[in-house]
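J.: Chains as they are written, first to last, in this note's numbering: chain W, 2 to 282; chain S, 2 to 282.
Mixed in with the good hints there might be a few duds.
The list cannot tell twin chains apart, which means a pair is met if one copy fits it or any two copies do.
Derived pair list, reagent style BS3-like, types lysine-lysine, alpha-carbon separation capped at 27 Å [unchecked claim]:
hint, residue 1, residue 2
1, Lys45, Lys7
2, Lys99, Lys65
3, Lys65, Lys7
Hint data in this document are derived by calculation from the structure and do not stem from the laboratory.
Number of protein chains: 2
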Amino acid sequence: MTIEAKSLWRSHGGMQGVYTHVSEACACPMTFAVYVPPHAQGQKLPVLWYLSGLTCTHANVMEKGEYRQAAAEHGVIIVCPDTSPRGEGVADVPDDWKLGCGAGFYVDATQEPWSQHYRMYSYVTDELPAVIAASFPMADMSRQGVFGHSMGGHGALVAALRNPGRYRSCSAFAPIVHPATADWSRPALGAYLGPDEAAWRTWDAVALIEDGARLPELLVDQGSADGFLQDGLRPWLLAEACKAASIALTLRMQEGYDHSYYFISSFMAEHIAWHAERFRR
Amino acid sequence: MTIEAKSLWRSHGGMQGVYTHVSEACACPMTFAVYVPPHAQGQKLPVLWYLSGLTCTHANVMEKGEYRQAAAEHGVIIVCPDTSPRGEGVADVPDDWKLGCGAGFYVDATQEPWSQHYRMYSYVTDELPAVIAASFPMADMSRQGVFGHSMGGHGALVAALRNPGRYRSCSAFAPIVHPATADWSRPALGAYLGPDEAAWRTWDAVALIEDGARLPELLVDQGSADGFLQDGLRPWLLAEACKAASIALTLRMQEGYDHSYYFISSFMAEHIAWHAERFRR
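Could you build the full structure based on these sequences and the hints that come with them?
T.: Right, dumping it as structure tokens:
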């Protein structure tokens, strides 16, 4: 469980680090980013997981997400994993941004050749939390939250729905709420999980809720000018599922915002404050 | 004076735009970024110029500078020019990051082949302000401020020192305060301005102050772990010059910070608040 610091930058009074380690779940070296806010010696800090979207690495949100100011203010550790395994021997379709590297979809693949490395669900929900707990003594793993963007919003919802009680809070920016029925995610789910779509339902937020998974509440921001809104994202499907399941969803349509980090960063501080409030309860 | 919008993103309640136009000063197409914060119809907003450092374009600070939240809060327009002319026919030394493209040093070059396009001083202090005034009706050009990073901190200091009364406020992150005597800037000044170093003094903040230029006050943040501190930046030279000239310099050494955008973004909100306070006077 050794991690190696690749970069360390003082920022907003804390420390932004980039680390690598050899992942068992993904059977390859993985890179992740951790921001540790300023804190007193011995102080324990909650851990907020940020899962990124298609094509991203750990670096995109670290550079463009504008999370450090709010994380420092609220005393929250932010962990940003990569979105897939990468490197030599890792299956990929270089021309396809919706499958393979950068498109792990936070599932555990069961189908060859993907099943050898594409186990991002186990990685972000089991292995990396254990690594964080072992390597960051100020991390209070009894107070975790999860959020993410687009494919990472899907990942956050699925992680929280599959692990009731694990995360104190879950929110998302423009999440893919029902990947099993969206054109841009169906090919990946088919490749990773096989043709039996019944097996996809445990990796799909709307289907999980339909099948009985519950969360007390959710916060979702969605830009009204998001080009993926109508076909890929469709937050109204999540709203319907939450309504039927009595899950308190706060869905905020944000007028004029698109799918970019300019959107994410605009509401980042509000999301972190929302999670922090739940960490204090 | 036509500008073309290349990108427009809703962000932090305002609009982040990227624009191109054909520059007369630089005799080539130029790209710049403008953030217009949320404001009431008819409201006039102060304009804060951000000048970027070596190797950067308009995009680096736009993506990593974290200026929009504070700009929205204080109602300040942020303009981010490029750091040099670029493109076909523009002189360059592709292997040298300290000369040519990305390294305009905010001077008006007098030497061939640079003098044809490298007129970044005229561009950022004369031409682009006129473009902003003509294209952004909410811009109040009677309330301008200027700041920047590294080479752009040098640019901000020189722009303010050469134009007393033009800018209400001037600040910098890790500025090159005395480029005429620093190894990383001397080759560029020699190339752009020629071998007579007397001509360099009007493009050098410390020399300008020594030669009588005055500003009421300056704010400078400098990271103590900045790898360029000892040889390239040397803020103590600015401190000495300001002391001798009775310029009220606030020089803050920031413990553990380096030269990166993780440093800049950490103090961006404080700088914008500092400028905004002066815009209100």
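J.: The structure should be examined with respect to each hint, and the outcome stated for every one.
T.: Here's how the hints hold up against the structure:
1. Lys45 with Lys7: Within one copy, since 24 Å is at most 27 Å while 46 Å is not.
2. Lys99 with Lys65: both (21 Å within a copy, 26 Å between copies)
3. Lys65 with Lys7: Close inside one copy (19 Å) and across copies (19 Å); limit 27 Å.
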